[in-house]
Amino acid sequence: MGITAPPDPALKLTADQTAADQTIGQPGVFPYTRGIHKDMYRSRLWTMRQFSGFSTPEETNERYHYLLEQGQTGLSVAFDLPTLMGYDSDHAMSEGEVGKCGAPISSLADMETLFNGIPLADVTVSMTINSPAAVIWAMYLAVAEKQGADLSRVGGTLQNDILKEYIAQKEYIFPPRPSMRLVTDTIEYGAKHTPRFNPVSISGYHIREAGSTALQELAFTLRDGLEYVDWALARGLAIDDFAPRLSFFFNAHNDFFEEIAKYRAARKLWATLMRDRYGAKDERSMKLRFHAQTAGCSLTWQQPYNNVVRTAIQAMAAVLGGAQSLHTNSLDEAYALPNEHAVTLALRTQQVIAYESGIKDVPDPFGGSEFLEQLTCDLEAGARDYIRKIDEMGGMISAIERGYPQTEIASASYEFQKKVERGEAVIVGVNKFQSGSNQGAEKQIDTLKIDQSAGDRQCEKLRRLRETRHNGEVARALGALRSAADGSDNLMPPLLDAVRAYATLGEICDVFREAFGTYEERPNI
Amino acid sequence: MNSIPIRVLVAKPGLDGHDRGAKIIARALRDAGMEVIYTGLRQTPEMIVNAALQEDVQVIGLSILSGAHSAIVPRVLELLREKDMAGVKVIVGGIIPDDDARDLERQGVTAVFQPGASLEAIVASVRNAVQAA
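If you read the sequences in order, they're chains H and C. Every letter in the first sequence is one number past the one before it in my numbering, and letter 325, counting from 1, is 325. Every letter in the second sequence is one number past the one before it in my numbering, and letter 79, counting from 1, is 1079.
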C-alpha cells in the first residue's frame, strides 16, 4: 500500500456524498440523529456532574464544595436508601442503612444543610430520587426560596422516573397509578412555575444495570417516556408546554459503537415519535437531551485499576454520542462509595477527554460510517418492535403488571452471565488474564468507610427537630395534604406547605401510604 | 449421591432493590437441579427465617449490596439459633469487604461470595454445605 494523502481540509462533497449526507442528516436538524445542536461541544461542553452523597448532609455538603472547587460544573445528589424509600433516619427499617448509599434527608432542615453555601440560583442540581421525588423536590424548592432564588430561573433535574423502578431498580413505595399521578403533578407544576427545571429524567441507566441489553435499555426507556407524555396529555397539558423539559438518562457501557448508535437511535426515535405520534410543533419537544453515566455494573472487584480504563472508554462513547452531561464512575465503586482520590480521578478522566483529546471539536464524527449507521438503524427497528409490543399490551403499566420488561431483563442478564461462565464474554481480570490470586485486591485501594455514628447523629437531629418545630402547624399541613391526596388537585402546593412547616419525609410518605396504599411485586425468577 | 433435590431460599434483605444478582443465582441453582424459593425484595431477618422454616430449606442465600450486611446477617444467624435451625447453612453474596467477610464467617456464615465469583463456585459451595451437614 502506498502512502495515503492527508485529507484536504477544503474538500468539497461530491454529488454522492451529498446524497448520503441527506440520509444521515446533520447535527442540529430533525430528527437530530447526529446531535441536538449544530455545533455540539464546540459551542458548549457537556456538564461534568459527579453523583455524590454519603454519611450525613454535613459531610455531603463538604464534598460538594470540594467538587465545585475541582472544576465540576453541576451537582448530583445521591440519597441513602431510607430516603429513597420514604423513611426517616429514625425509622426501624432504616437501621444500618442511614448514610450508607447516599445522603440522608429527612426534613427541610437536612436539605438546608445539604446546600449550605451553594447558590441554587446559579448551580444546577440533579437529584436521584423517585418514589418520594415530589416531596424532595418541594424541599429543594423551599431551600431555593429561602436563599432568595427566583424559581422561574432555578435549573436542575429530578429523576422522578417511577416506571423504571417497577421495571428495574425496584425502589417503589406506592402502586403504579398513584405514583404516576405524583409524577404528572410535578410535570404540571414545573410547566407552570419552574420552566428551567427538568421534572423527570427518563432513565435507561438502571434498566441496563439490571442486566438488559442496549436494545432493551433503549426501547423500555423510550416507551416509559411515552407513558409520561400520555399521562400529562390526559391531565390537559399541551404537548409543547411540557415535552421540552423531559430529559433522559442513559448508561454508557462497554460496547463502544453499540453505545454511540444507541444514543443516535434514541434521538432519532424520540424526535419522530414526538412529531408523528403527538403532533409536537416546538423543536425543543423533539430534541432528546440526555445525561450519561458510565456502567457501574461493568466495574470489577478484581484488578480495580482496570476500571479507570473501562470508564474512560465508556465516557468517550457518551461524548461521541452527544451527551449533555456526564458522570464518570470511580475505580473503587465495586467496593464502596468512592473515596475523594478516586472521585477526583474520575472527574479528571472527563477533563482529559474534554480538553486534550480533541473529540469535542467535531459533532458526531462517526456519522456516515456504514457500520455505525447500520447499527443505529438496527437499534431503531428493534426498539420500534418492543414499543409496538408494549402498546399492544395496553401501555407500560399493563406490561409491568404482567412482568414483561422485568422478565426480558432477567433473561438477558442470565444469558450474559452464562456467557461469562463459558468464557464467551471476556471480563479482563475476572475470567481471563487473572493475575494470580485475586485476594488482596482491596489492599491496593483505600475504600471510604461510612462512620457508623452517622445514623445516630441523624436520629438525634430528628429528635430535636420534632421538639422544636411548631407541631400544630405540622399536623394542620399533613391534614391538608391528606385531603388533597384523596382529591385530584395538584399535590405540589400542599407538599410545599408541609415541608416548609418541617414535616418530615417519613411523615409525608406515611400520609401517601395511607391514601394510596403500597406496592409489592410478585417475586419471580 | 443424594437424589432428593437440595432446597435453597434465596433472599434479598434490607431496603436495597438491586435484585440482578439474586435472580441470577436463583436461576443458576435451579438449573443445577435444586429447588429454589426466591423471597422477593425487602425482607426482614424475621421474614427470612420464617420462610426458611416454612419451606424447610437446607441453605439460605442472602444477597446484600447496600453495606447493611453487618447489621442484617448476625440477626439472621441469631434467629436461626433461637429457632433451633442451626443446621440451616447461610451463604452471603454481595459487596462485602474482605474484613467483614472474615468476620461473618467467624460468626457462622458458611461462605461469602464477593463480586466476580463464578456461578460454578457458588453452586458447588451450596452442594458442599449440604453434604457437610
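These aren't lab readings, by the way, just hints derived from the structure by calculation. Values in this document were obtained by computation on a predicted structure and should not be read as measured data. There's no promise every hint is true.
Where chain H lies over chain C, by a calculated footprint (3+ residues, C-beta under 8 Å) [said to hold, decoys possible]:
{"hint": "1", "region": "1016-1030"}
{"hint": "2", "region": "1058-1069"}
{"hint": "3", "region": "1109-1116"}
Here are some, though not all, of the chain C residues that point toward chain H, as calculated from beta-carbon distances under 8 Å [as the list claims (entries may be wrong)]:
{"hint": "4", "residue": "Ile-1095"}
{"hint": "5", "residue": "Ala-1121"}
{"hint": "6", "residue": "Ile-1122"}
{"hint": "7", "residue": "Val-1123"}
Using N, Cα and C, we set each Cβ at its ideal position, and we do this for glycine too.
Here is what the structure says about each hint:
no. : hint      : result
1   : 1016-1030 : holds (count 11)
2   : 1058-1069 : holds (count 3)
3   : 1109-1116 : holds (count 3)
4   : Ile-1095  : 7 Å, holds
5   : Ala-1121  : 10 Å, violated
6   : Ile-1122  : 11 Å, violated
7   : Val-1123  : 10 Å, violated
This entry does not satisfy hints 5, 6, 7, going by the numbered hints stated previously.
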